[in-house]
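Student: Protein sequence lines correspond, in order, to chains E and F.
Everything in the first sequence is counted per this note's numbering, starting at 1 for the first residue and increasing by one.
Everything in the second sequence is counted per this note's numbering, starting at 1 for the first residue and increasing by one.
Do not take every clue at face value.
As the list claims (entries may be wrong) - Examples of chain E residues toward chain F, derived with CB under 7 Å:
no.: 1; residue: G100
no.: 2; residue: R102
no.: 3; residue: T135
no.: 4; residue: P164
no.: 5; residue: E165
no.: 6; residue: E168
no.: 7; residue: Q169
no.: 8; residue: L173
no.: 9; residue: G174
no.: 10; residue: P187
no.: 11; residue: F190
Claimed, not checked - List time: in silico DSSO-like cross-link candidates among lysine-lysine, alpha-carbon distance up to 27 Å:
no.: 12; chain 1: F; residue 1: K25; chain 2: E; residue 2: K101
no.: 13; chain 1: F; residue 1: K147; chain 2: F; residue 2: K116
no.: 14; chain 1: F; residue 1: K25; chain 2: F; residue 2: K69
no.: 15; chain 1: F; residue 1: K324; chain 2: F; residue 2: K304
no.: 16; chain 1: F; residue 1: K147; chain 2: F; residue 2: K122
no.: 17; chain 1: E; residue 1: K101; chain 2: F; residue 2: K69
As the list claims (entries may be wrong) - Selected chain F positions facing chain E (Cβ under 8 Å, derived; list incomplete):
no.: 18; residue: A65
no.: 19; residue: K69
no.: 20; residue: A87
no.: 21; residue: M94
no.: 22; residue: L100
no.: 23; residue: F113
no.: 24; residue: G114
no.: 25; residue: M117
no.: 26; residue: V120
no.: 27; residue: R161
Treat the hints as calculated values from the structure; they're not laboratory data.
Note that CB positions come from ideal geometry on N, CA and C, so glycine has one too.
The primary structure of each chain is shown beneath.
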Amino acid sequence: MTNQTRLTHLLRWLALSALLFWLLLPLIPLLIWSFAFRWPFPLLLPESWSLRAWQIAFSARSGMLAALWNSLVIAVAVTLVSMLVSIPAGRAMGMHRFRGKRVVEFLLLAPTIVPPLAVVLGIHVLFIRYGLADTRLGVMLVHLSPIMPYAVLVMAGVFANYNPEYEEQARSLGAGPLRTFWYVTLPAIFPGMMVAGLFAFLISWSQYITTLLIGGGFIKTLPILLFAVAGANDTALTAAISIIFVIPALLLLLLTARYLTGEDAAAGGFGRV
Amino acid sequence: MPRPVALDGCEFDMTQVVLTDLTKKYLGATAPAVDRLNLECESGRLHALLGPSGCGKTTTMKMIAGLLKPNSGDIAFDGASVLHTPAERRGAVMVFQNYLLFPYMSVGENVGFGLKMRGVDKQTIRRRVAEMLELVRLPGIEARRPKQLSGGQQQRVALARALIVQPKVLLLDEPLSNLDAHLRDEMRELIRTIQQQMNITTIFVTHDQEEAVVLADRIALMFDGVLHQVDAPQRFYDGPVSARVARFFGGANFLPGQMHNGQFESRLGCFAVGQGAVLNGPALLTIRPEAIQLCAAESGSQQKNHLPGRIISRLYTGANTRVKVQVNEFTLTVIADPHAVDAARTGDMVTLYLAPERLWTLPIESP
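One chain only, chain F, in its complex shape:
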């Protein structure tokens, strides 16, 4: 059933999306592309489905859109299953990575396509198209052809074409990955603004953790078709659930040992640990490269959570300097302010301070 079209303003109802045990196995594939995925997307929020390419995130998105049929499991919008609602009536509109503007239609016809399919009269379509192009900051380009637009403009037209039908759920496939760096910022801000203005439940897919962090309210991280962690962006830095998650977010320091009564015992000694995913037994100790403090060699190397080491390499990246420090047989990566480590040279002895509140334990990875 076509949804009524609000003629004034852009009122969207907020829709909650719940995926239950969603599974998709392609014909002839050995492993499922998506394996028993459980995910709840709060209404009116911006969610990221994050993962390396081939992890099943686009498959998940297409299932939500109704373009792929899951083998098992359920998809519910606001508590009602939409599994048997065909794509054209589901109200989950997808914006593809390569925009897919219909090449033989003008920009105006492209944006108005969804309303035309809903039988809206021409005059209303014309007005709403103008409104939508204004919204994506491309007013008055109705008569142009998609070919005449830049990639960024095509992307925004594609966004307008999706928003005009007032979708229950907006699905964006890699919304920033085809854009130049300066356009990315502009597009990210536009998506954020529109999403907040309209309170539209939005799910986007990306392989870029930075993109997910800056855009999303919540991130769902997938590897090999399996959901690994669903959290607010900051938690992926402060409290990853596994070494794999930590690595995906740039974690580099992992130290095997035993967790025992708030103390972590390892070959590099004993550490006081504030928190972690493992509170007892074998564990991996991790700390963000930017959380390690680099001090002069003598300062308190005998104290708790201090480690003496030797700088084996340093890489200046502009905003910061990546320093690799050898501590016994382990190498720790430190990201430091360039001015703070100005004087340090390769081969110098230093002391590393691992603050207890920045330490985090992870389960040992199965090989």
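One chain only, chain E, in its complex shape:
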């Protein structure tokens, strides 16, 4: 190994450690809190420990498991739907020029500019009329509004860097449209899809205001439960549920990390040679 590569390895290792430290540091006090029984003020660590908070968290009484399930179902469904829409939309935005493209771009970005509260209040009125208020489907739909800009922009970036001649080559060699998509397009855009999917999942996972307003308190997701518990002044239980809330997101980030950096990065898409 040359000095140069040793140095870059060291730097990379340092950066990774710093990142992990940054991500995990806030979890340490939470972890301690969740096991604390008595923790009077000046002490650095709790006086006595207990599993009470965790037992409550996993009991049916707390509703944590139901909320976790709700959050998962909504986030996964919303991620899938956002993928179905953002792949063709991203392709159109990234690869084609068409009349009114600017307007479409602006409309896509609008949810990131307009305050979500204003949007959701407007949507709420409509959803009541359509019977979507207080339903899981309604919550899923409203989650899509902050997600779509990111999902479409990521996919547009992927397709801007994509060479459609690979598809022509596959067609020419005897692959029909479906198999061309499966064998050629999909592998090329897969890293980008992972990134867009990660964004979609995480945005849905952390929605509070939209879920609260459209779900009307009937659709209990983890953030809704977390706010309720935090309001009840049980620090240990709040800490335990916070950890449960963070872990799936962290796991997902770690699983998709390789698509965020390096050769498999989202900007992949074969590139124009």
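Please arrange chain F on chain E, whose structure you already have, making use of the hints.
Tutor: Leaving out everything else, chain F in the frame of chain E:
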């Protein structure tokens, strides 16, 4: 319908390709990219679609492959229209200029792709892939990744990937232009050998007239979406149809005048002319730079087809010397053997001999 796969050897049927009034106009373009193109490609021959970049040759090729839909006109293979046959069933396989090997597949998977799409069993695919890699002289590299190959090797893998499906028509997009000079010779010879061995109807696109001449049996020359001349390579030197065609093939000498009874009358005098595209009326007289004979000043300057002139520049290019000779207000370019013009210096008076059988007349260009 997938074509049956011959398991032994490489038997191709010969397919004739006929393009009739083929026209393609891109959305928003003012002029058509390809304009009423009529072309017949004989079966089992090697054809070049030649022209400067943007002349519509790649568009034409993609239409033959079924990757672009023409606005009007017809494409027929062996007399049957394939206009409504989708690309994947047309059997015209295209090899792109930048090879486009699928980067996440091994070389073996790349070459076997077409057979996999046709539902051929794995064992047969493996055997045929090995055969094809042997054919392109890259045996045993199935496990490698495209990234690990040089440009020339990638090109040959791309060729193997196209040939394995036994296409009716093989379409090559600028097959030599991405290669170094020494690889070009090797690739050209490989394409020629395989094409002849298999008798596969092949059409390739190129902007390089030299490439077209050395590879093709017939050349179709296009400018601005319009076909200008379809001929055997030599005819583009000996009998171009227009000054534009002649210029594209390195023609440099054009003299305006009148053709009359086998005689060409011009400001430089009267010439006996053997043949031409114009036999009567206003015409341009042309002669290849390498066909002009450079003689000493005194020799027969008064005779027919002899012109006195003064050397105004000479450029030694290694294989030959380009000499510019001023004759009255005209400048003629002569390509001569370096030893023959060794003694000639800039400013010397010389006599040029334009042999009647090397002279050719062209229609006057509209401005």
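Student: At a threshold of 7 Å, is the proposed contact between T135 (chain E) and chain F supported by beta-carbon distances?
Tutor: Violated. Min distance 42 Å.
Student: Any CB of chain F closer than 7 Å to the CB of E165 (chain E)?
Tutor: holds (6 Å)
Student: So, as I understand it, the hint says A65 (chain F) touches chain E; can you test that by seeing if any CB pair is closer than 8 Å?
Tutor: Status holds, d = 5 Å.
Student: Report holds or violated for the interface hint on A87 (chain F), using the least CB-CB distance to chain E and a cut-off of 8 Å.
Tutor: Hint on A87 (chain F): holds, closest Cβ of chain E at ~4 Å, below 8 Å.
Student: Is the straight-line distance between the alpha-carbon of K25 (chain F) and that of K69 (chain F) 27 Å or less?
Tutor: Answer holds: K25 (chain F) to K69 (chain F) is near 10 Å, not above 27 Å.
Student: Would the hint on M117 (chain F) stand, with a C-beta cut-off of 8 Å toward chain E?
Tutor: This interface hint holds because 4 Å falls under the 8 Å limit.
Student: When the nearest CB of chain F is found for E168 (chain E), is that gap smaller than 7 Å?
Tutor: holds (5 Å)
Student: Is the hinted pair K324 (chain F) and K304 (chain F) satisfied, with a Cα-Cα distance of at most 27 Å?
Tutor: holds (21 Å)
Student: Going by Cβ atoms only, is F113 (chain F) closer than 8 Å to chain E?
Tutor: Check passed: Cβ of F113 (chain F) comes within 6 Å of chain E, closer than 8 Å.
Student: Less than 8 Å between beta-carbons is the criterion; does R161 (chain F) satisfy it with respect to chain E?
Tutor: This interface hint holds because 7 Å falls under the 8 Å limit.
Student: Restraint: P164 (chain E) near chain F, CB-CB cut 7 Å. Satisfied or not?
Tutor: violated (10 Å)
Student: Mind checking the CB of G100 (chain E) against every CB in chain F and telling me if the closest is under 7 Å?
Tutor: Hint on G100 (chain E): violated, closest Cβ of chain F at ~15 Å, above 7 Å.
Going through the hint list in order, the structure does not satisfy hints 1, 2, 3, 4, 11, 19 and 26.
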